[in-house]
Amino acid sequence: MKLVAGLLLMLAAALAQVTWASQLEIAGAFPNLVLISVIGLTWTEGVRAGLFWACAGGILLDLNAPGPLGPHALALLAGVYVTGYWARNLDRESTLHPAGAVAVSTVLYSLVLIGADNALGLPIPPFRTAVQLTLAASLYNAALMPLALFALRRVTAGLRWEPAEAS
Amino acid sequence: MLLLAVLSQQSWAAGVRGTAKSTLAPLEAQMMSLASSTDHAMAIFGDIASLRAQNQRLSAENQDLKRQLAELNAAAYDNKELRQALDFQRTFGHRTVVAEVVGRGPDAFSRTLQIDRGSDDGVRAGMIVVSSPGLVGRVRETGLHGAIVQTLADPQSRANVFLSGSGLQGTVIGGPAALQLQVQHRIGATASKGEWAITSGIGGGYPRGLVVGSVTSVSHSDAATVDTALVDWVNNLATMTLVIVVLDFTPS
Numbered sequence: 038m039k040l041v042a043g044l045l046l047m048l049a050a051a052l053a054q055v056t057w058a059s060q061l062e063i064a065g066a067f068p069n070l071v072l073i074s075v076i077g078l079t080w081t082e083g084v085r086a087g088l089f090w091a092c093a094g095g096i097l098l099d100l101n102a103p104g105p106l107g108p109h110a111l112a113l114l115a116g117v118y119v120t121g122y123w124a125r126n127l128d129r130e131s132t133l134h135p136a137g138a139v140a141v142s143t144v145l146y147s148l149v150l151i152g153a154d155n156a157l158g159l160p161i162p163p164f165r166t167a168v169q170l171t172l173a174a175s176l177y178n179a180a181l182m183p184l185a186l187f188a189l190r191r192v193t194a195g196l197r198w199e200p201a202e203a204s
Numbered sequence: 030m031l032l033l034a035v036l037s038q039q040s041w042a043a044g045v046r047g048t049a050k051s052t053l054a055p056l057e058a059q060m061m062s063l064a065s066s067t068d069h070a071m072a073i074f075g076d077i078a079s080l081r082a083q084n085q086r087l088s089a090e091n092q093d094l095k096r097q098l099a100e101l102n103a104a105a106y107d108n109k110e111l112r113q114a115l116d117f118q119r120t121f122g123h124r125t126v127v128a129e130v131v132g133r134g135p136d137a138f139s140r141t142l143q144i145d146r147g148s149d150d151g152v153r154a155g156m157i158v159v160s161s162p163g164l165v166g167r168v169r170e171t172g173l174h175g176a177i178v179q180t181l182a183d184p185q186s187r188a189n190v191f192l193s194g195s196g197l198q199g200t201v202i203g204g205p206a207a208l209q210l211q212v213q214h215r216i217g218a219t220a221s222k223g224e225w226a227i228t229s230g231i232g233g234g235y236p237r238g239l240v241v242g243s244v245t246s247v248s249h250s251d252a253a254t255v256d257t258a259l260v261d262w263v264n265n266l267a268t269m270t271l272v273i274v275v276l277d278f279t280p281s
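Listed in order, the protein sequences are those of chains A and B. All the letters of the first sequence, read from the start, carry residue numbers 38 to 204 under the numbering used here. All the letters of the second sequence, read from the start, carry residue numbers 30 to 281 under the numbering used here.
Calculated from the structure, these hints are not laboratory results. On a predicted model such as this, the values are computed, not experimentally measured, just so you know. Mixed in with the good hints there might be a few duds.
These stretches of chain B come out as covered by chain A in the derived footprint (C-beta under 8 Å, 3 or more residues) [stated by the list, open to error]:
id, region
1, 132-142
2, 175-189
3, 210-223
Ideal Cβ placement from N, Cα and C applies to all residues, glycine included.
When you get a sec, could you build the whole thing from the sequences and use the hints?
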């Protein structure tokens with residue numbers, strides 16, 4: 038049940054990302070719904086769950102992006118790792134911490150994505166453009182995170198998911 | 030993940046990768062149509078809200094009329110787009126195939142479109158993609174029944190253009206908010222706002238004569254070798270639903 042619900046969430050987030058998200062564009066940036074979902078799951082369910090869903094969500098994004106399969110999954114894994122460390126050491130009930138975590142994860146996600154493309158010999162955006170887009174996306178994702186986390190907590194409570202241990 | 034990325038990038042894996050990437054296309058098409066229906070429904074709800082002050086009977090009648098109007102408008106919009114695509118195909122003079130946009134790139138670094146035509150329809154990587162208003166971009170990858178198009182808005186996109194009024198040559202570079210244009214200096218001519226940027230055919234990447242956009246601002250510097258300008262792209266990535274792939278133009 039948990040697996041099916043998680044898969045449906047990832048599929049819905051990935052499909053919304055590649056069909057709707059670009060319509061929410063502000064200053065050239067748009068939210069990353071898969072990243073928000075994965076960070077939300079890491080915050081509520083723990084790092085192991087987050088890493089698993091980062092792989093699943095990342096592959097779904099890679100299927101819709103030009104280039105090889107893997108870079109988006111790798112970038113999401115990096116974001117989850119940092120968020121897991123953050124969640125272990127800070128107050129999980131606060132709404133500011135997950136917003137901060139998703140902002141930092143967005144920066145890391147972008148760095149890993151660009152780094153992976155560079156390592157694979159794929160074209161990368163100019164530095165200035167990349168910085169501008171990354172910062173705008175960080176703010177955007179951070180603004181949406183509290184709402185997403187609230188929705189995620191309601192869903193996981195409804196499905197009676199066991200919250201992960203805080204330590 | 031890195032290993033997967035390296036393996037899936039190999040030329041022998043291109044077929045499998047293309048097929049895998051085509052698998053989500055039907056779901057994406059459904060999602061796009063759902064998004065369109067939601068937009069129409071939201072418009073209807075907005076109309077209902079504005080009619081709340083009136084009595085119940087008139088509200089119900091208005092609601093029904095508005096729904097019909099929204100449906101008719103949606104049908105008219107679709108018909109208009111299809112007619113434009115058909116007219117363009119007739120007058121363009123190249124062998125083309127019309128494709129529906131079923132998805133967009135997942136991140137802002139690569140402004141791409143996913144279309145529902147692939148190698149089975151004769152679409153190959155490198156082919157150029159246009160719409161009735163003008164140039165869209167280039168096919169980057171193909172699967173059996175789908176392809177990924179790198180649009181002009183992608184930061185890695187480049188297109189050589191000339192300006193319709195001054196005749197100056199330049200290069201359009203993709204960007205997140207607007208296309209950037211680097212215009213070469215020429216004595217006695219300056220780029221000005223409102224000029225159209227049109228593909229020049231130089232370099233052989235795109236055929237000559239495709240509209241890219243209009244110049245919205247120009248920054249001139251005597252010290253620089255080029256002027257910089259912003260170009261308002263004729264296409265809107267967020268609302269594009271149909272594109273045309275040119276099958277018989279081979280970029281050099």
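Now the hints, each set against the structure:
| no. | hint | result |
| --- | --- | --- |
| 1 | 132-142 | holds (count 9) |
| 2 | 175-189 | holds (count 4) |
| 3 | 210-223 | violated (count 0) |
Going through the hint list in order, the structure does not satisfy hint 3, though it satisfies all others.
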